Amino acid sequence: MGEAHYLEHEVHGWAARDSSGVLSPFKFSRRATGPRDVTFQILYCGICHSDLHQIRNEWQTSKYPMVPGHELVGIVTEVGPEVRQHKVGDHVGVGCMVGSCQNCDSCEKGAEQYCEHVTYTYNDVDQDGKPTYGGYSALMVCDERFVLQIPKSLPLDAAAPLLCAGITVYSPLRYFGMDEAGKSLGVVGLGGLGHMAVKFGKAFGMNVTVISTSPSKEEEARLILNADNFLVSKNDQQMKKAVKTLDYIIDTVSAKHELEPLLSLLKVNGKLVLVGGPEEPLQLNPFAILFGRKTVAGSTIGGIKETQDMLDFCGVHNLISTIETIPFEYVNKAMDRLAKSDVKYRFVIDVANTL
Amino acid sequence: MGEAHYLEHEVHGWAARDCSGVLSPFKFSRRATGPRDVTFKVLYCGICHSDLHQIRNEWQNSKYPMVPGHEFVGIVTEIGPEVHQHKVGDHVGVGCMVGSCQNCDSCAKGAEQYCECMTPTYNDVDQDGKPTYGGYSALMVCDERFVLQIPKSLPLDAAAPLLCAGITVYSPLRYFGMDEAGKSLGVVGLGGLGHMAVKFGKAFGMNVTVISTSPSKEEEARLILNADNFLVSKNDQQMKKAVKTLDYIIDTVSAKHELEPLLSLLKVNGKLVLVGGPEEPLQLNPFAILFGRKTVAGSTIGGIKETQDMLDFCGVHNLISTIETIPFEYVNKAMDRLAKSDVKYRFVIDVANTL
Chain A
1 MGEAHYLEHE
11 VHGWAARDSS
21 GVLSPFKFSR
31 RATGPRDVTF
41 QILYCGICHS
51 DLHQIRNEWQ
61 TSKYPMVPGH
71 ELVGIVTEVG
81 PEVRQHKVGD
91 HVGVGCMVGS
101 CQNCDSCEKG
111 AEQYCEHVTY
121 TYNDVDQDGK
131 PTYGGYSALM
141 VCDERFVLQI
151 PKSLPLDAAA
161 PLLCAGITVY
171 SPLRYFGMDE
181 AGKSLGVVGL
191 GGLGHMAVKF
201 GKAFGMNVTV
211 ISTSPSKEEE
221 ARLILNADNF
231 LVSKNDQQMK
241 KAVKTLDYII
251 DTVSAKHELE
261 PLLSLLKVNG
271 KLVLVGGPEE
281 PLQLNPFAIL
291 FGRKTVAGST
301 IGGIKETQDM
311 LDFCGVHNLI
321 STIETIPFEY
331 VNKAMDRLAK
341 SDVKYRFVID
351 VANTL
Chain B
356 MGEAHYLEHE
366 VHGWAARDCS
376 GVLSPFKFSR
386 RATGPRDVTF
396 KVLYCGICHS
406 DLHQIRNEWQ
416 NSKYPMVPGH
426 EFVGIVTEIG
436 PEVHQHKVGD
446 HVGVGCMVGS
456 CQNCDSCAKG
466 AEQYCECMTP
476 TYNDVDQDGK
486 PTYGGYSALM
496 VCDERFVLQI
506 PKSLPLDAAA
516 PLLCAGITVY
526 SPLRYFGMDE
536 AGKSLGVVGL
546 GGLGHMAVKF
556 GKAFGMNVTV
566 ISTSPSKEEE
576 ARLILNADNF
586 LVSKNDQQMK
596 KAVKTLDYII
606 DTVSAKHELE
616 PLLSLLKVNG
626 KLVLVGGPEE
636 PLQLNPFAIL
646 FGRKTVAGST
656 IGGIKETQDM
666 LDFCGVHNLI
676 STIETIPFEY
686 VNKAMDRLAK
696 SDVKYRFVID
706 VANTL
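Protein sequences, first through last, are from chains A and B.
For the record, in the first sequence the residue sitting at position 194 is 194 according to the working numbering, with numbers rising by one throughout.
For the record, in the second sequence the residue sitting at position 167 is 522 according to the working numbering, with numbers rising by one throughout.
Read the hints as simulated data drawn from the structure, not as lab findings.
Note that the coordinates shown come from a computational prediction; the quantities given were computed from them, not determined experimentally.
Ideal placement from N, C-alpha and C gives every residue a C-beta, glycine not left out.
Heads up, some of the hints might be wrong.
Which stretches of chain A does chain B cover? Using the computed rule of at least three CB atoms under 8 Å from a CB of chain B, they are [stated by the list, open to error]:
1) 32–43
2) 104–112
3) 291–304
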């Protein structure tokens, strides 16, 4: 739109060059700060499992070079003249989206993630025809409507994963009414998404049961995350005793798994929401939902307003992710560990100090 | 409970004797009218697809001799001294249940069909240890709490199928909020359940689309049932044009089928409820519900209060089933035709005149 080339930002980051997914230093440019743009120095960026999938082209849609990262936070350094929601010095973040049409049914309902023209933070193409680059980089320029305020009471590094992992569980827990104090919530899987679901469940005043394939996770579930109960999903006896005891289940597992044993844990009228993305179809025995009038729903990330509501809620309740902070040099090793789910519970890259 | 044997009712009916499912005349007895019982002369009984499944032992739990029938109506001839809801001369009916524990969470919520101790109208054992016999018979004795009032403005024969087919679709349409005027409802399958779903959808003021594998059903869908649109599910072009056009879908099909093409018809936040009972698991591609935050739910029949609400609603809106009345002698032929879905849309046995 006529910004002089010299006003573009030269940005350092790390990118994957090919489907090996190996990340290495990369220089690129971001647009000059437009009238509605917010520009911020990136301090931290969370590593999401989606980053791993995409750098390795596991979804068959990857374009290289790819700068991943959609859990980025930092401090505003510049705002365009029409910006009203943010100012220099604010603690802000960007999640999975940097644009949408703002004009369709989904956008109007505050569910921009379902807009047919949503622009993803990385591995996509922006309105100006340029590739989008994510938060494994020093600086971000983004339309103010897709920039979130991080409450200043929250440490920025541990707030970063809220922008994807946090909202991915918070949105459906709220939307499907799975947030009632005194009710019981099952959380399947104890990774980046699962650990946040436990934290939100407890903050909502619910009785939280973690359901996992690994008995070894029980101690951390109870001691670190304050879960009330723990079920080993492969333990038939435990699962049988727990039949019809849960009001709701949030299933964060992305590996292929059986739905029926989980559905049997639900009380009458119970709901199960899938937020993990198994790549293969799941088997659904119709009688598993017919009897008991049960519901299986799906949800992806969350809208911008929902994300801001979540961040404000976290500010009030002092909720953050449990993280392992790493320098950029460690990022490829972190990806290998993430592939084995070897992290409690989110890697966060110390961008500003180690780029 | 001490009723003298001579007060028992000797009842004529038709029963299946074995898993050939062939029905023939059968004499049996029903208990004497107890303090809370309503006794009524059965005038008409609808033939439900479940009757066909059960006489042929397709669910592997049939006990013979079996007198089927759980959509039956008639006129009260006698009531016990503690009965308050019904009186002699009333038009009444009984559906799929004749008892429940009245004490659990499901019963308290008016969802007796999910009570663990619910007694089905036939092919079960009653509290007194005797087998339960259904509506293919001359007379019924039933606890008043499971007897429904049929509005006198409704013709009894065409009201009979409301007691199973009607409530099976009415209950989820109401419970899941799929009843909003101006919204769009897809009805999959045009049999006993489907045709009632179209009628209720139109009565709710919705835009109704029938989705069927048979192009030949379009004329009747539009002309007899007043459907607004018709989609042939095997017509890829039509289905593609209809993507993201429906708010809700009610799926009445009991044969195995693909969920994904149906889910693609739903708008963002759309809901699909399964009321048919395919015997084999369905494939659920998680992304089909993750993208668009869609819901798949299941539902079975309905509670007693819901059923009465539905009957009252039908009385106000003059809603009845579209039926083919048959004499008892035709019942085995009707079963063969039902197996081929050759009926518009429910057979109803003229019990009183042809027993």
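| task | Quick one: which hint numbers does this structure break? Sort them smallest to largest. | result | Going through the list in order, the structure violates hint 1 alone and respects the others.
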